[in-house]
Amino acid sequence: MGRATVVLIAWLCIAGVAGWRAASEPALAAGTPAAATDAAMIRHGAELAAVGDCIVCHTAKGGKPFAGGLPIDTPFGTLYSTNITPDAKTGIGSWSLEAFKRAMRRGVSSDGHLLYPAFPYVHFTHMSDEDIGAVYAFMMSRTPIQASAPANELIFPLNFRPVIAVWNLLFLHPGTPVPMSRQQDAQLDRGHYLVDTLGHCAACHSPMNLLGAEKGGKAFDGGVIDGWDAPSLKTLLHAPTPWTREQLTSYLRTGFASEHGAAAGPMLPVTRSLANASESDVEAMAAYVMSMQTSDPAPQLSTAPKANPAANAASLQAGATLFQAACASCHAAHAPMETIGGRPSLSQSTAVNSDSPRNVVRLILDGLPPEGSTPARLMPPFAGMLTDAQIADLARYLRSQYSKESPWPLTAADVAKYRKEKPAP
Amino acid sequence: MITLTVNGESHTLDIDPSTPLLYALRNQLQLHGAKYGCGLGQCGACTVIVGEEPVFSCLMPVAAIGERAVRTIEGLGTIEQPGKLQRAFINQQAAQCGYCIAGMVMRAQALLDRTPWPSDEEIRAHMEPNLCRCGTHMRILAAILEARGASNGSRS
Amino acid sequence: MKPDTLHEEPENAARRRFLTAGSVVVAFTLLPEAASRALAQTTTTEAGTFTASAPDLPGSLKTSPMLDAWIRIDTHGHVTVFTGKAELGTGIRTAFIQIAAEELGVAPSGITLLTADTATTPNEGYTAGSHSVADSGTAIANAAAQVRGLLLQTAAAKLQVDAATLAVQSGAIHAADGRSISFGEAVSGVDLHRQAQPGLPLKDPRTFTIIGQPMQRVDIPGKVTGGASYVQDMRLPNMLHARAVRPPAYGATLASVDIAPVEAMPGVIKVVRDGSYLAVVADDEWRAILAMRALSAAARWNAGPPLPDQATIHETLRRLPAQEITVAGKGAPAAAAAQTLHARFTKPYLTHGSIGPSCALALMEGERMTVWTHTQGVFPLRKGLAEMLSMPPDHVRCVHVEGSGCYGHNGADDVAADAALIARAVPGRPVRVQWMREQEHMWEPFGPAMTTDLTASLDASGQMVDWKCEIWSNTHNNRIENAGRLMPTWALATPLKPAPPKEIPMPEGGGDRNSVPLYRVPNLHVQEHFLPDMPIRVSAMRSLGAYINVFAIESFMDELAAAAHADPVEFRLRHLDDPRARDVIHQAAERFGWKAARGSARQPGQGVGFAFAMYKNLMAYCAIAVEVMVERDTGTVKMERAACAVDCGQIVNPDGARNQVEGGILQSSSWTLFEETTFDTRGITSFEWGSYPILRFSSAPKKVEVDLIDRPGTPFLGVGEASQGPTAAALANAVADAVGMRVRDLPLGRGRVKG
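Residue numbers (my numbering), protein chains in the order written: chain A, 91 to 515; chain B, 236 to 391; chain C, 177 to 931.
Take the hints with a grain of salt, since some may be wrong.
Among chain B residues calculated to face chain C with C-beta under 10 Å, some are [as the list claims (entries may be wrong)]:
(1) 259
(2) 280
(3) 308
(4) 336
(5) 352
(6) 353
(7) 365
(8) 376
The set of hints was computed from the structure by calculation and includes no laboratory data.
Where is the CB? At the ideal position from N, CA and C, for every residue including glycine.
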């Protein structure tokens with residue numbers, strides 16, 4: 091039975107249960123959001139919202155901040171993020187603090203309908219009352235924008251919201267306090283709290299089960315999101331230069347780590363958001379992540395049958411030629427990016443040293459586009475310039491030149507598969 | 236030896252296979268339209284069409300082109316007989332120093348080839364990778380709209 | 177594009193004529209001072225220092241009074257017009273053709289225009305400061321009118337009729353009875369080698385059919401169809417390709433480099449090394465790039481002195497030793513001050529960022545060096561190169577060939593020096609040197625960082641009663657006074673020293689440009705603290721000090737208007753008497769819908785702002801209104817639309833003028849909202865477009881409207897730089913309107929209005 095069929099059957103069962111349970115929640119009375127006069131609370135809420143990177147999901151490409159409309163690809167179809175500006179008609183302008191809390195803790199909208207768990211309320215549920223209050227104050231101080239998100243495009247039966255009630259039964263554990271660390275180190279405790287609640291890092295950095303929830307017992311072991319590997323957060327000491335708390339803090343706040351490289355894919359906007367968080371909070375998160383490192387050696391990838399050495403040599407030569415023309419002006423040791431820009435060699439890159447070629451291929455395909463007129467690390471997209479076979483040659487060349495790890499068994503067909511994982515922007 | 240088809244003509248060039256297309260065009264083939272602006276894929280002054288895609292020729296290895304057809308601005312028309320998009324750029328006087336323009340035209344041509352009636356938003360988003368330092372953006376957009384078929388033909 | 181297609185007189189004849197003019201000047205300086213002053217004036221503008229040998233003549237005829245320096249006609253009637261100015265992408269090539277065609281009475285297609293070439297054209301100094309149409313255009317107009325007059329006289333004699341009965345049409349002179357003489361025939365009876373006469377009339381502007389028309393630019397069709405249009409496109413027979421290897425930062429010296437492996441690379445002809453100066457020459461461009469990479473990787477450098485900290489650069493600059501320049505001083509401190517306001521404005525270093533990095537070709541043949549260059553000034557460059565090479569100046573020829581837009585002093589002169597140095601090392605073969613993107617971004621002279629302080633008082637009725645301005649600025653004019661101003665000479669084994677910087681005198685000014693407001697203020701004091709020490713290399717960038725001074729003045733006018741509870745436009749009009757200034761203000765306000773925009777409720781983040789300036793208080797009048805949208809969450813400021821009105825006197829080509837003004841608006845919006853050159857103690861860090869982002873299509877406004885007010889028959893007023901300063905201020909005023917926050921430190925975007 092194919093995987094898709096299994097998933098469909100699982101959901102149909104849940105739908106049946108949900109339909110039988112007639113799950114619904116009451117609507118809450120509209121509140122007039124108190125004109126947030128407490129500037130300190132708003133600032134605190136801003137810093138917390140930065141950790142939560144609300145703006146990243148709740149802003150469409152080219153859209154107004156927090157006004158929603160960003161398409162979120164899930165295995166079950168496309169969802170569109172909602173407008174969380176304080177607009178009374180199309181946003182959350184008429185939501186009371188109680189309604190906001192209920193949404194954050196239990197994934198229930200003000201009018202009682204259930205929110206899809208693409209909104210990571212399974213994490214936000216562990217936030218303190220004070221923090222939810224501060225985020226509420228911040229959200230209510232934003233510019234109200236009138237905008238409605240497009241309709242979701244989900245597979246049956248997920249377009250039937252009550253199924254979520256059953257999902258919540260399985261995967262939402264409200265009220266359970268986040269376990270404190272055993273060390274009782276204030277910074278670690280703070281980091282633990284932020285990572286598990288607002289940061290919701292495990293939501294991307296963990297593998298998902300068939301029902302789209304984080305696999306139990308596998309938190310931070312790595313996941314795939316929007317065609318990118320979100321790497322394991324527990325093997326950071328296995329990098330060519332082991333990560334440190336300072337490097338990780340810098341990476342989270344600036345999108346760049348001098349011993350590793352630049353953030354790309356979905357992590358890049360997260361770092362833009364974290365730049366607005368308090369420095370000590372981001373340090374705490376980094377400290378917590380560094381405390382969860384395993385000392386076990388990284389699992390060896392089962393090596394594919396070794397390719398014909400002659401064919402291998404030809405492929406590497408082709409890759410070298412491609413590199414010389416297409417990559418060297420930025421990525422070779424003489425390149426101004428390295429000599430002036432202080433960028434590290436590709437030998438330091440997490441993507442190049444990963445077991446999976448997915449992120450290298452994704453970067454070659456998509457590049458790092460300009461961010462309007464904000465300073466950014468730029469890389470052009472090669473999706474239209476190089477064929478699948480050429481990208482495979484190039485990626486394997488990078489691996490052989492810049493990594494001590496075993497070669498990737500990457501073929502043109504694999505690259506074609508990666509292309510499809512994310513439609514062209 | 237590398238064989239390329241450029242603007243419908245086949246050329247066999249005895250050059251280093253790692254040569255980016257831009258230099259082959261400008262030096263071996265005397266096609267000066269595509270320009271060196273950065274060599275880093277950031278400005279688009281070198282834009283040509285390979286296959287059906289607008290590409291940065293400064294980063295396109297000649298060895299990677301294969302059978303794909305290369306089209307440059309010289310292939311769209313001549314001074315005596317400019318192509319439709321070129322005529323629109325002339326009509327709108329969409330150039331100041333003009334250095335970025337060949338890249339702009341090829342980038343726009345790729346869009347019009349694929350989408351005969353792009354919206355204003357689509358045009359702006361599509362042209363984003365190309366830089367103009369003189370501030371000719373409004374006229375460039377007007378020229379693309381004219382070639383597409385503007386609703387009112389005016390510049391604003 | 178080959179040099180032998182250039183029209184040129186035999187070299188000796190040209191030189192003889194030049195010396196003749198020179199000797200006339202020498203004779204005059206022996207006269208008593210008063211007389212000699214009357215007969216030979218020296219003026220300094222941004223275009224250069226000129227001694228007028230014929231001070232009564234208009235425009236550049238003052239310094240090049242011979243008619244045939246400007247206009248030649250061959251026996252086929254083809255007209256060649258010469259200008260000492262260069263086409264920088266502003267459209268003056270077309271404008272000059274229009275002027276000459278109009279005054280001569282020939283079709284524009286019958287004219288070839290030759291631009292800046294030390295061998296063949298008048299010396300008009302630098303193409304800078306928006307002087308081209310006023311200086312060169314005026315000379316061409318007058319010379320053409322006089323040539324036409326002489327042809328009419330000759331024709332009248334030949335046809336035995338009264339000159340007043342003749343008509344000029346399409347390159348021929350027609351008598352009333354139908355006989356005609358072509359220009360080609362008529363010119364054989366005239367010796368154009370004669371001095372222009374003062375006071376002869378030009379055509380009545382009411383009869384213009386070419387000047388004032390939006391004639392399409394003659395260079396655009398070639399550029400839009402891929403023709404070889406730029407110095408970057410030149411390919412000469414037997415040409416070599418070269419690349420320079422620059423030090424990592426100012427003052428870094430070469431500790432070691434093994435050049436043997438680089439010289440052994442395929443296609444490499446030579447590695448040039450002279451002290452810390454390094455370059456490589458190859459037979460193919462890609463090979464030159466590969467060799468440059470290898471040479472750069474092989475070089476080891478000793479660091480130069482540290483740069484200052486960027487975070488405190490303005491304080492650092494303000495503490496440097498200063499030469500005091502009193503720009504204006506009139507009146508006494510007012511007694512009637514009801515309110516006094518004070519504000520400090522700053523601008524960062526700005527990068528010209530020419531889209532095509534600088535490039536030059538040079539050829540050393542025997543004792544002669546020819547350089548093809550996109551410099552703004554072929555004559556000063558020629559002098560500097562000659563000094564650098566220890567050659568007599570007349571053995572060096574500099575020919576202007578278009579580059580990409582330079583917006584002032586970019587790498588053009590420096591790369592010409594690279595080309596000359598390298599060409600000398602491989603004599604007999606043309607050498608093409610192309611700067612890389614990071615070389616242009618890091619080594620060009622930047623627009624200086626500046627501070628402008630303003631203090632002003634209002635009386636009880638809301639009139640300004642006094643005004644005090646202090647400016648701190650490095651030089652904006654680091655052009656080629658001597659060979660030491662050419663940056664590559666700093667790396668030579670015997671490094672050359674640049675001549676000490678001097679401020680450009682008023683009324684043009686440098687850092688103090690546009691620091692005297694046009695507004696009526698009885699008491700006015702303007703002081704410049706001119707800072708000769710330059711921790712970072714700087715020079716002229718489009719509008720020079722006017723950019724920040726107008727930004728400051730016009731921002732401050734809004735602050736004063738608010739204190740006086742007045743509408744910003746009304747407050748300006750209250751203090752302006754010049755009717756042409758008032759007209760552009762009214763026109764821009766009306767086009768924009770200023771009253772309605774100010775009167776209606778703003779959408780969240782929406783704001784409108786206004787600004788006005790007369791460039792240098794001498795050149796074009798410009799008023800602009802803009803609408804912005806501010807996103808507090810991200811600190812993003814977007815210009816939504818702009819309406820601008822300009823008065824540039826007699827308009828030569830309205831579309832050309834409009835193109836320049838629009839371009840200035842968009843470019844200034846990029847400077848103002850996004851740009852700052854970045855550096856740390858080790859060197860310049862904004863080395864490419866990622867680290868120095870500029871306006872992209874996503875930030876372009878929805879609509880820009882430019883109205884030109886036509887003033888036929890009035891003097892040409894330079895327009896190319898007129899919109900830089902006003903746009904900056906209008907944006908700052910619109911931001912203040914949108915969010916109630918006054919930003920005085922540029923750039924306005926980049927998080928300054930986040931909240």
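Hints, one by one, checked against the model:
{"no.": "1", "hint": "259", "result": "8 Å, holds"}
{"no.": "2", "hint": "280", "result": "6 Å, holds"}
{"no.": "3", "hint": "308", "result": "4 Å, holds"}
{"no.": "4", "hint": "336", "result": "6 Å, holds"}
{"no.": "5", "hint": "352", "result": "19 Å, violated"}
{"no.": "6", "hint": "353", "result": "13 Å, violated"}
{"no.": "7", "hint": "365", "result": "8 Å, holds"}
{"no.": "8", "hint": "376", "result": "7 Å, holds"}
In this structure, the hints that do not hold are numbers 5, 6, in rising order.
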